[in-house]
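Number of protein chains: 2
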Amino acid sequence: MRRVFRDLGVREVVELDIRERQEAREEAKIRLLDNVAGVFFSGGDQRRMTSQLGDTPIYGRFQEIYDEGGVICGTSAGASVMSDVMLISGDSKESYRLGDLQMGPGFGLIRGVIIDQHFAERGRIGRLLGAVAQNPRYIGLGIDENTAVVVEGGMHLRVIGEGAVYVVDGESVTCSNIAEGRQHAALSIHDVRLQVLSEGDSYDLAMRLPMSSEQGRESRKDAADK
Amino acid sequence: MRRVFRDLGVREVVELDIRERQEAREEAKIRLLDNVAGVFFSGGDQRRMTSQLGDTPIYGRFQEIYDEGGVICGTSAGASVMSDVMLISGDSKESYRLGDLQMGPGFGLIRGVIIDQHFAERGRIGRLLGAVAQNPRYIGLGIDENTAVVVEGGMHLRVIGEGAVYVVDGESVTCSNIAEGRQHAALSIHDVRLQVLSEGDSYDLAMRLPMSSEQGRESRKDAADK
Numbered sequence: 001m002r003r004v005f006r007d008l009g010v011r012e013v014v015e016l017d018i019r020e021r022q023e024a025r026e027e028a029k030i031r032l033l034d035n036v037a038g039v040f041f042s043g044g045d046q047r048r049m050t051s052q053l054g055d056t057p058i059y060g061r062f063q064e065i066y067d068e069g070g071v072i073c074g075t076s077a078g079a080s081v082m083s084d085v086m087l088i089s090g091d092s093k094e095s096y097r098l099g100d101l102q103m104g105p106g107f108g109l110i111r112g113v114i115i116d117q118h119f120a121e122r123g124r125i126g127r128l129l130g131a132v133a134q135n136p137r138y139i140g141l142g143i144d145e146n147t148a149v150v151v152e153g154g155m156h157l158r159v160i161g162e163g164a165v166y167v168v169d170g171e172s173v174t175c176s177n178i179a180e181g182r183q184h185a186a187l188s189i190h191d192v193r194l195q196v197l198s199e200g201d202s203y204d205l206a207m208r209l210p211m212s213s214e215q216g217r218e219s220r221k222d223a224a225d226k
Numbered sequence: 001m002r003r004v005f006r007d008l009g010v011r012e013v014v015e016l017d018i019r020e021r022q023e024a025r026e027e028a029k030i031r032l033l034d035n036v037a038g039v040f041f042s043g044g045d046q047r048r049m050t051s052q053l054g055d056t057p058i059y060g061r062f063q064e065i066y067d068e069g070g071v072i073c074g075t076s077a078g079a080s081v082m083s084d085v086m087l088i089s090g091d092s093k094e095s096y097r098l099g100d101l102q103m104g105p106g107f108g109l110i111r112g113v114i115i116d117q118h119f120a121e122r123g124r125i126g127r128l129l130g131a132v133a134q135n136p137r138y139i140g141l142g143i144d145e146n147t148a149v150v151v152e153g154g155m156h157l158r159v160i161g162e163g164a165v166y167v168v169d170g171e172s173v174t175c176s177n178i179a180e181g182r183q184h185a186a187l188s189i190h191d192v193r194l195q196v197l198s199e200g201d202s203y204d205l206a207m208r209l210p211m212s213s214e215q216g217r218e219s220r221k222d223a224a225d226k
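Protein sequences, first through last, are from chains A and B.
The first sequence lines up with residues 1 to 226 when you count with our numbering.
The second sequence lines up with residues 1 to 226 when you count with our numbering.
Chain A with its partners taken away, still in its complex shape:
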């Protein structure tokens, strides 16, 4: 892992290994975060991450680093924890069935989104639709492997990498059976707006609007012309 970051040009890499909540209060561990410009969360179990780190001094430091313009990033479970509501578990490779999903409170660094990962590879569109159906105020973000979203200012995201990012937007939804409460009935949800974004595409979370890499190039050109 260290080598990956060194190859990417990161000069100094320190490993912060926290297994229990008590460790997230140790002075020596907290000190490791002095002068840190970025934090990367590896994969694992998102509920383990939030339950062991949530509201500890270490978590406070993450929030400070973020607020001061540092980069907080993560992969797999480490991506899922970034949002205020996070997806914990639910069946992949199935259409969503009422009741088959666990969600919980994440780190809250990005608001208004629910993030899923290994997206196309594990056939997770069903469960992300289920998550969005529960409250279309949240935008569903499904991120493929070897693919990332770069979120700036908490509101503007840009896609990098070789796969796609799916944005499930429930604002336009006209009808769903999610509140009927028939356990295990297949989800019905009408008029979802779906964005499939690839490298260079971006998306405005506030406006719920996609922009293609070409439009981006054009507007950058416009800006340069001015």
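Heads up, some of the hints might be wrong.
Copies of the same chain are indistinguishable here, so a pair counts whether it falls within one copy or spans any two.
Cut-off 20 angstroms, straight-line C-alpha distance, at most; resulting in silico cross-link-like pairs (EDC-like, lysine to aspartate or glutamate) [claimed, not checked]:
| id | residue 1 | residue 2 |
| --- | --- | --- |
| 1 | Lys-29 | Glu-12 |
| 2 | Lys-93 | Glu-199 |
| 3 | Lys-29 | Glu-15 |
| 4 | Lys-93 | Glu-121 |
| 5 | Lys-29 | Asp-55 |
| 6 | Lys-29 | Glu-171 |
| 7 | Lys-93 | Glu-145 |
| 8 | Lys-29 | Asp-17 |
| 9 | Lys-29 | Glu-180 |
| 10 | Lys-29 | Glu-162 |
| 11 | Lys-29 | Glu-64 |
| 12 | Lys-93 | Glu-15 |
If you're looking for bench data, these hints aren't it; they were derived computationally from the structure.
Add chain B to chain A, keeping to what the hints say.
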């Protein structure tokens, strides 16, 4: 297979086994279709079905049975062949990459749709989006296992079974990179309208409008009240 149909109340079941195109011209085989009220296509290889049956006397009989109000149905590859353009192959469990899809001419019993099957189970939303991106005139229909669409009059479909049916509607698409021709680049497609339909939901292919089972019950009640 015979027993399944007997249990469903079908009084007489004959098996029509055609392996080569020549057999689809044999008088004895054609005769098997006298007085037949319905035809069921098993799974297999959709291109094998169309290449061996297309435009043969046997295929002519299928068309007659259909035109006279008979039921033509199929599962797996036998479902894919029903449309005028059919999906032949493409990667599952991946986001669609430009160029990674084979389509071809199907039996043409339903117009304006492209059908995919084993849909959630094999993670096929990516390839169906790729198919629709190529020409949004076609509506993508993704059908889960143990789930079916009943199409009446070629225009109105109704969902039965335990899973979901996904309708990928590209009419509203504002932008895609499908024509850029960068082989294997991940697809970008913006503003797709997605319907997730379950048992009892229906969809009007001409109007591109979903109707929930509840709305259906209401309008049936309205009709009964009149």
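20 angstroms Cα cut-off: does Lys-29 pair with Asp-17 within a copy, between copies, both or neither? within (8 angstroms within a copy, 72 angstroms between copies)
20 angstroms Cα threshold - placement of Glu-171 relative to Lys-29: Neither, since 43 angstroms and 54 angstroms both go past 20 angstroms.
Intra- versus inter-copy proximity for Glu-199 and Lys-93 (alpha-carbon distance at most 20 angstroms): Close across copies (19 angstroms), not inside one copy (25 angstroms); limit 20 angstroms.
Evaluate Lys-29 and Glu-15 at a C-alpha cut-off of 20 angstroms and name the case that applies: within, between, both or neither. Answer is within; shortest intra-copy Cα gap is 10 angstroms, inter-copy 72 angstroms.
Treating 20 angstroms as the Cα threshold, decide for Lys-29 and Asp-55: within, between, both or neither. So Lys-29 and Asp-55 pass the 20 angstroms test inside one copy only (15 angstroms; across, 74 angstroms).
One pair to classify: Lys-29 and Glu-64, alpha carbons no more than 20 angstroms apart. Within, between, both, or neither? For Lys-29 and Glu-64, only the intra-copy Cα distance (16 angstroms) is at most 20 angstroms; the inter-copy one is 77 angstroms.
I want to check one pair: Lys-93 and Glu-15. Are their C-alpha atoms no more than 20 angstroms apart within a copy, between two copies, both, or neither? neither (35 angstroms within a copy, 34 angstroms between copies)
At most 20 angstroms between alpha carbons: which applies to Lys-29 and Glu-12, within, between, both or neither? within (16 angstroms within a copy, 76 angstroms between copies)
Up to 20 angstroms CA-CA - Glu-121 versus Lys-93, copy category: both (9 angstroms within a copy, 5 angstroms between copies)
First find the shortest C-alpha distance between Lys-29 and Glu-162 inside one copy, then the shortest across copies, and answer within, between, both or neither for a cut-off of 20 angstroms. neither (35 angstroms within a copy, 51 angstroms between copies)
Intra/inter-copy verdict for Lys-93 and Glu-145 if alpha-carbon distance must be at most 20 angstroms: Classified as both; 16 angstroms inside a copy, 11 angstroms across copies.
If the cut is 20 angstroms between Cα atoms, do Lys-29 and Glu-180 qualify within a copy, between copies, both or neither? Answer is neither: 48 angstroms inside a copy and 50 angstroms across each miss the 20 angstroms cutoff.
Going through the hint list in order, the structure does not satisfy hints 6, 9, 10 and 12.
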